[in-house]
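J.: When you get a sec, could you build the whole thing from the sequences and use the hints?
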Amino acid sequence: MKVRIREISDKTDECLIIECVEVTPDIESIRSYALSKGTTLTGSRDDHIYQFNLSDVLYFEAFGEQVFAYTKSKGYALKFRLYELEKAYSDRHFIRCSKSFVINLMKLESISPALNGRFTAHMKNGEKILISRQYVPEIKRAVLGGTNHGL
Amino acid sequence: MDFKTFFVKRVMMSFFVSVTCISVAMALIGMAFEPNARFGYEAFLSPVLFGTLASLPLMVKYSKKELSPKQIVARSVIHLVLLEAVLLSVLWFARLLTGISMAVSLGTSICIIDVTVHLVLWLQDSRTAKEFNEALHKLQKTCT
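These protein sequence lines are chains A and B, in that order.
For the first sequence, our numbering begins at 1 and goes up steadily by one.
For the second sequence, our numbering begins at 152 and goes up steadily by one.
Each hint should be verified, as a subset may be incorrect.
If you want the footprint, here are the derived chain A segments under chain B, 3+ residues with CB under 8 Å [unchecked claim]:
#1 19 to 33
#2 95 to 106
#3 109 to 118
Rather than coming from a laboratory, the hints here were simulated on the basis of the structure.
Just so it is clear, the structure is predicted and the values come from calculations on it, not from any experiment.
No residue lacks a Cβ here, since even glycine has one placed at the ideal position from N, Cα and C.
T.: So this is what it looks like as structure tokens:
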């Protein structure tokens with residue numbers, strides 16, 4: 001595939017155009033990556049407001065009434081509900097793995113079996129998050145594609 | 152998972168699987184060791200009775216909240232102990248256990264089957280995790 005980069009002067013006009021014969025899973029992945037790279041979120045920490053890239057987020061966690069976004073070393077409180085984030089960023093490799101967590105598949109190192117048909121998600125910063133049994137099929141579908149793979 | 156879903160999905164499923172397995176085991180063992188024995192209609196009730204007894208201890212695995220791996224291990228051990236206790240006591244009171252050695256061998260068999268089931272499920276999940284991790288790394292490579 002040819003790659004062309006054309007420099008422009010206005011940041012608001014930045015865009016990525018993919019010309020392809022067919023929208024394959026690889027093309028979808030490039031699209032998701034580009035979308036997440038260009039997106040920023042606003043969150044609060046220690047009474048300060050911060051802006052950070054969506055692509056830096058490892059996972060979102062709902063804790064009580066509050067939802068937090070966690071990057072490699074920092075956590076930010078957000079003014080969104082977890083289901084809103086899940087819906088908004090599902091096409092950017094963010095996927096629900098339990099009632100309280102939405103993880104970034106691009107920041108997932110690996111999974112390992114936990115007991116009772118569940119799995120443990122090992123994130124790239126070393127944290128471990130439990131993948132509930134009911135969300136396992138959806139996560140497998142997101143990574144393995146439409147095949148069942150032992151489901 | 153609410154109690155109704157748990158009961159229908161896990162306990163009822165376990166009951167029907169147990170009844171089927173007990174019926175098949177009774178038929179095969181009977182044909183092999185006592186092919187001439189004859190029973191009345193009440194014999195149809197024993198798989199149902201033992202299926203119920205084998206499924207009831209599953210209730211200890213129910214929890215409204217997501218259990219931690221340690222809690223799951225603890226409840227699995229309690230489940231195994233309860234299963235052994237229920238089945239062996241019923242067999243003992245029904246005078247189907249003829250001695251301590253039979254009780255020990257039956258108890259050991261139940262334990263081995265239970266551990267084997269967990270091991271098979273674990274191996275199956277390990278295979279799935281391996282496939283998943285390979286696909287995940289491929290996906291991440293495509294995107295970076």
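J.: Hints first: check each against the structure and report whether it holds.
T.: Here's how the hints hold up against the structure:
| no. | hint | result |
| --- | --- | --- |
| 1 | 19 to 33 | holds (count 5) |
| 2 | 95 to 106 | holds (count 4) |
| 3 | 109 to 118 | holds (count 8) |
The structure shown violates none of the earlier numbered hints.
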